[in-house]
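Based on the sequences and whatever the hints tell you, model everything.
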Amino acid sequence: MLKSLETVRGSTRRVIGNKEGQVNNMSLSTIIIILCVIGLITAVIALLQRDLLASVIGFAVFGLVQTALFYLLDAPDVAIAEASIGAALTVCIFVIAIRMTRRREE
Amino acid sequence: MKLASFLSIVLMTGFLLVAVMRLHPVGQATGDPDVFSDRGNVIIDVQNVATMDDYFLRNGQMETGSNNIVTSVVFDYRAFDTLGEAAVLFIVVTSITMLLYGLIKPGETPDDVIIAADGFPLKISRIVTIGALLLFPVIAAFGAYIIIHGHLSPGGGFQGGAILGTGTALLLASSYMTKKLYKTYKTFAFFESFGLTLFIGLGFAGVGGSFLYNFLANGDPLLFGRVIEMGPNGGFLNSGGILPLLSLAVGIEVFSGISIILIMLNKALYLNKSQKSEG
Chain A
1 MLKSLETVRG STRRVIGNKE GQVNNMSLST IIIILCVIGL ITAVIALLQR
51 DLLASVIGFA VFGLVQTALF YLLDAPDVAI AEASIGAALT VCIFVIAIRM
101 TRRREE
Chain B
107 MKLASFLSIV LMTGFLLVAV MRLHPVGQAT GDPDVFSDRG NVIIDVQNVA
157 TMDDYFLRNG QMETGSNNIV TSVVFDYRAF DTLGEAAVLF IVVTSITMLL
207 YGLIKPGETP DDVIIAADGF PLKISRIVTI GALLLFPVIA AFGAYIIIHG
257 HLSPGGGFQG GAILGTGTAL LLASSYMTKK LYKTYKTFAF FESFGLTLFI
307 GLGFAGVGGS FLYNFLANGD PLLFGRVIEM GPNGGFLNSG GILPLLSLAV
357 GIEVFSGISI ILIMLNKALY LNKSQKSEG
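As given, the protein sequences belong to chains A and B, one line each in that order. Counting in this note's numbering, the first sequence runs from 1 upward without gaps. Counting in this note's numbering, the second sequence runs from 107 upward without gaps.
Mixed in with the good hints there might be a few duds.
A short list of chain B residues far from chain A (calculated; beta carbon distances all over 12 Å) [what the hints assert, rightly or not]:
(1) S114
(2) V152
(3) Q153
(4) S201
(5) R232
(6) V234
(7) I245
(8) F248
(9) G309
(10) G312
(11) G315
(12) V333
(13) F342
(14) L343
(15) I367
Under the rule of at most 25 Å between Cα atoms (straight-line distance), these lysine to any residue pairs were calculated in the SDA-like manner [unchecked claim]:
(16) B:K373 x A:L89
(17) B:K373 x A:V95
(18) B:K211 x B:A125
(19) B:K373 x A:R104
I should point out that these hints are in silico values taken from the structure, not numbers from a laboratory. We put the beta carbon where it would ideally sit given N, CA and C, even for glycine.
Set out below in structure tokens:
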């Protein structure tokens, strides 16, 4: 039955007790670490940027990176929610709020 | 104060790291790794169950008829929790409407010309409007797919409703929806209440078992009751009992709620800009 699971989920996903799967696991963790570093950088940009529009765009990129992370960690449900809410709707509402107030932080 | 916030951050990070260390292996039950072995025709198997997520992984598919275990948890085992989330969104939309209700009046047709911050009228570029017109059907189809296939593939009511909500944002930003805003608002307000009422009504329909009992699962194939096989399979639309219906109800509610929020904020933005240009 594990064999059928393997064919359904595709060769890029790991299966416990499979040598090939463990190699894929290594490259997967490398991708995850790279994405975490990118996410950290965008989060710091979003926090420290004085231009609020640039800060919001940094936040959107952070949401996108998080979406990829959730997908790689086998949580596609959360990934869809994060992509639509974190990277699209929140940014839209923030941009409306910036247009109603000021663009630069004092 | 700074020390306290620093200490709380360190403490929180420590807790999160400990939680990450104690996680399960991804996609695997705790006991026997082969979830689907030697079950025969037993629908509910409690032989090898050690923890709660073990139970969901082993029995969710057979018991609820939903291939997506996450949806079976969200809309069946924890459906009352989902009702609370939907109610929270409803309350948020209600309070935003209370704050900004006077902005949208019946019979008013605002211009589709946005006044820029320096007072000059700003015509929206044709690239933006035509791009939105081309993109909107794709977004709408994807959102509807996510809602309808909530019990088969990743997604569900909340995610699909949010995707449809981004479609509304696109239409508002490209000024397709600025005419007859009051009528649009009224329609969305009706469907917002309709979605939540449908959810609660489905909950009361199964009250012979319990509130939000999945009374349609593994029953009549015409009423979403198709019995599915254990293990990985393609899935059928008419399985899952009340899960697809609840997903549809939540999808309608979330889509309407987000659309109302965006319409209100958009209207407030226009009024703010025109007042600034007058003053």
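Now the hints, each set against the structure:
1. The Cβ of B:S114 sits about 17 Å from the closest Cβ of chain A, beyond the 12 Å cut-off, so the non-interface label holds.
2. Listed as outside the interface, B:V152 is consistent with that label: its C-beta sits roughly 20 Å from the nearest C-beta of chain A, beyond the 12 Å cut-off.
3. Remark: the non-interface label on B:Q153 is consistent with the geometry, its nearest Cβ contact in chain A lying 17 Å away (cut-off 12 Å).
4. No beta-carbon of chain A comes within 12 Å of the beta-carbon of B:S201; the shortest separation is about 15 Å.
5. Its beta-carbon lying about 21 Å from the closest one in chain A, B:R232 satisfies the requirement of being farther than 12 Å from that chain.
6. Even its closest Cβ contact with chain A, about 14 Å, leaves B:V234 beyond 12 Å, as expected for a residue assigned away from the interface.
7. With a cut of 12 Å on Cβ distances, B:I245 falls inside the contact zone with chain A, its closest approach being about 10 Å.
8. At the 12 Å boundary, the C-beta of B:F248 falls inside the reach of chain A, the nearest C-beta of that chain being 10 Å off.
9. With a closest Cβ-Cβ approach of about 22 Å to chain A, B:G309 is found to remain outside the 12 Å limit, as its non-interface label requires.
10. For B:G312, the non-interface assignment is confirmed: its Cβ lies about 24 Å from the closest Cβ of chain A, beyond the 12 Å cut-off.
11. At roughly 26 Å from the closest C-beta of chain A, the C-beta of B:G315 stays outside 12 Å, upholding its exclusion from the interface.
12. Listed as a non-interface residue, B:V333 keeps its Cβ farther than 12 Å from every Cβ of chain A; the least gap is roughly 19 Å.
13. In this structure B:F342 is separated from chain A by more than 12 Å, as the shortest Cβ-Cβ distance comes to about 16 Å.
14. The claim that B:L343 lies off the interface holds: its Cβ sits roughly 18 Å from the closest Cβ of chain A, which is beyond the 12 Å cut-off.
15. With a least CB separation of 8 Å from chain A, B:I367 falls inside the 12 Å interface cut-off, contrary to its annotation.
16. Annotation: proposed proximity of B:K373 to A:L89 holds, straight-line Cα distance about 17 Å (limit 25 Å).
17. Restraint check: the Cα-Cα separation between B:K373 and A:V95 comes to about 14 Å, which is no more than 25 Å; the hinted pair holds.
18. Of the supplied pair hints, the one linking B:K211 and B:A125 is violated, its CA atoms being roughly 51 Å apart against a limit of 25 Å.
19. Taking the CA atoms of B:K373 and A:R104, the gap is about 23 Å. The hint holds against a cut of 25 Å.
Checked against the numbered hints above, the structure violates hints 7, 8, 15, 18; every other hint is satisfied.
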